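There are 2 protein chains.
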Amino acid sequence: MTTTISIKLETDVARREFIDKFDAFLLDCDGVIWEEEIVLPGVHETLKYLRSKGKQLLFVTNNSTRSRDAYLAKFQRLGIEAYVDEIFGSAYASAYYLKNVLDFPSDKKVYVIGESGITDELAAEGIQYIGSAADNESLKSMDFSKIVPDPEVGAVLCGFDLYVNYLKFAKAFTYLHSNPNCLFLLTNNDTTYPANGSIFPGTGSLAAPLVTALNRKPHCVIGKPNKPMLDCIVKKFHLDVKRTCMIGDRLDTDIQFGINGGISSLLVLTGVSQEKEILANDASIVPDYYIKSLGDFATIIE
Amino acid sequence: MTTTISIKLETDVARREFIDKFDAFLLDCDGVIWEEEIVLPGVHETLKYLRSKGKQLLFVTNNSTRSRDAYLAKFQRLGIEAYVDEIFGSAYASAYYLKNVLDFPSDKKVYVIGESGITDELAAEGIQYIGSAADNESLKSMDFSKIVPDPEVGAVLCGFDLYVNYLKFAKAFTYLHSNPNCLFLLTNNDTTYPANGSIFPGTGSLAAPLVTALNRKPHCVIGKPNKPMLDCIVKKFHLDVKRTCMIGDRLDTDIQFGINGGISSLLVLTGVSQEKEILANDASIVPDYYIKSLGDFATIIE
Chain A
1 MTTTISIKLE
11 TDVARREFID
21 KFDAFLLDCD
31 GVIWEEEIVL
41 PGVHETLKYL
51 RSKGKQLLFV
61 TNNSTRSRDA
71 YLAKFQRLGI
81 EAYVDEIFGS
91 AYASAYYLKN
101 VLDFPSDKKV
111 YVIGESGITD
121 ELAAEGIQYI
131 GSAADNESLK
141 SMDFSKIVPD
151 PEVGAVLCGF
161 DLYVNYLKFA
171 KAFTYLHSNP
181 NCLFLLTNND
191 TTYPANGSIF
201 PGTGSLAAPL
211 VTALNRKPHC
221 VIGKPNKPML
231 DCIVKKFHLD
241 VKRTCMIGDR
251 LDTDIQFGIN
261 GGISSLLVLT
271 GVSQEKEILA
281 NDASIVPDYY
291 IKSLGDFATI
301 IE
Chain B
1 MTTTISIKLE
11 TDVARREFID
21 KFDAFLLDCD
31 GVIWEEEIVL
41 PGVHETLKYL
51 RSKGKQLLFV
61 TNNSTRSRDA
71 YLAKFQRLGI
81 EAYVDEIFGS
91 AYASAYYLKN
101 VLDFPSDKKV
111 YVIGESGITD
121 ELAAEGIQYI
131 GSAADNESLK
141 SMDFSKIVPD
151 PEVGAVLCGF
161 DLYVNYLKFA
171 KAFTYLHSNP
181 NCLFLLTNND
191 TTYPANGSIF
201 PGTGSLAAPL
211 VTALNRKPHC
221 VIGKPNKPML
231 DCIVKKFHLD
241 VKRTCMIGDR
251 LDTDIQFGIN
261 GGISSLLVLT
271 GVSQEKEILA
281 NDASIVPDYY
291 IKSLGDFATI
301 IE
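Chain order of the listed sequences is A and B.
Residue 1 is where the first sequence starts when you use my numbering, and the numbers rise one by one after that.
Residue 1 is where the second sequence starts when you use my numbering, and the numbers rise one by one after that.
I should point out that these hints are in silico values taken from the structure, not numbers from a laboratory.
Remember, it's a predicted structure, so these values are computed and weren't measured experimentally.
All C-beta atoms in this analysis are idealised placements derived from N, C-alpha and C, irrespective of residue type, glycine included.
Keep in mind that a hint or two might mislead.
What the hints assert, rightly or not - These stretches of chain B come out as covered by chain A in the derived footprint (C-beta under 8 Å, 3 or more residues): (1) 22-31; (2) 34-45; (3) 202-208; (4) 212-219.
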């Protein structure tokens, strides 16, 4: 239960006042800017307007399968102005967090369950890694003799991995189980992954064998709604948290991310969460503001 | 806390009285009969003695990777008398349970995460299945369009699978998520698997992505310490539970299995659990009897 009341941005006056309050907007992409390969109506105009007002735009996504460069290609394909430094995916955030927050030792390695989105970002930060595509070929027999502790592995980082297999689970488990100093990190903890109008197991589910076999939680989950991702963004861009607002379509990730990070939040109703959820008497996650769609800000453009 | 006191079988008189009390002994194998490929001292003699006294012997294991025939080969290799009908692995128990307890419809299929140990036993019981080795080749792209609900899949059965991959998780999740009548069964719930003097992720951990993505527990876990395995054994062999005793080396699986099933239990100290655990003031799982090793019964042989 909460007594917070969400302000609905229904008039142009309210929309202008909202935009004047902030210098930086963190934007979720799917369900906010686009729906798969289609840009939502009015979003082109709204983003251009925010840039014309000198606002800092940052695109924040939990997807760990693509590097920032790969993500940028989608913006370009859809004709949306964006720059690689404005993109904050959970893969980049994980590499940034290891390097700049945890000060990960240069003589240690990260064991990766995840794809090139993660390894490209680790390499760009100069962090040594093993696993990932090198372990896509799984074990062919119950001979586990080559899966042994490795004191050089200082962290296991688990993200979405279409090529996850028993070898990867067994190695990651062995590094963590044998070495209490080995960090256990997840890029994000989404239990499902939306695709094809349905859902499939997400990163939080692919990490579950490790959580279950180790009988303990990860040391740190980087992505939304957790604070490490926001810590990275604030640190990198020197943001004033009082003048920063998270814009997203999911209460449990985007809006909770804003709340956890002590920044303002705006819910758009073009994705997962609906108006009735925040108006319910027992609503537990309530944004500061909400609006039907990000494109609705286009009405205030002169 | 419990007030149950375990009786230690230290004298020949106590050992003879113990054996006279029971008609049937359910035996765990690893840590009781053998240690990997070595038969523990005195076990050959003890098992022969029990047979000479007309006792029913049943070998009960949670390992689901081997069919009963494959398991029998190990007994033969180690020179231990055993018959295929005496072997109760969690793969066979799952097939038996589906057929004889759940009355699984002949026009429905089971989706299997697991190896030939499971599919051989399902085939032997005349149960249709898909998955398993047919899905060992995982997805090569994020195109999930071919992973669709299938109303003919009436159950997902998950056991140990060295070839587990994203395709298997995604299919199993889709069948369960799209169809509330689809049963979700595990052969067993051991979170770790002992091998090479270490431990690795076990069946309970490999099923964790489904449990996490679905956000619910399986309908039924067949293997020790759960009751379905004992229900199958009692049903098949018409055992008198009052004259049946479980013999094992693990308190949390074997002895709990005896307790859950309302039969007597004997702990041997040649495997995982130790004497101090049952003598502790806060012991929560206590066997009716315990003995240093199964081979110690050899002292009563005339």
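Consistency of the hints with the structure:
no., hint, in the structure
1, 22-31, "violated (count 0)"
2, 34-45, "violated (count 0)"
3, 202-208, "holds (count 5)"
4, 212-219, "holds (count 3)"
Checked against the numbered hints above, the structure violates hints 1, 2; every other hint is satisfied.
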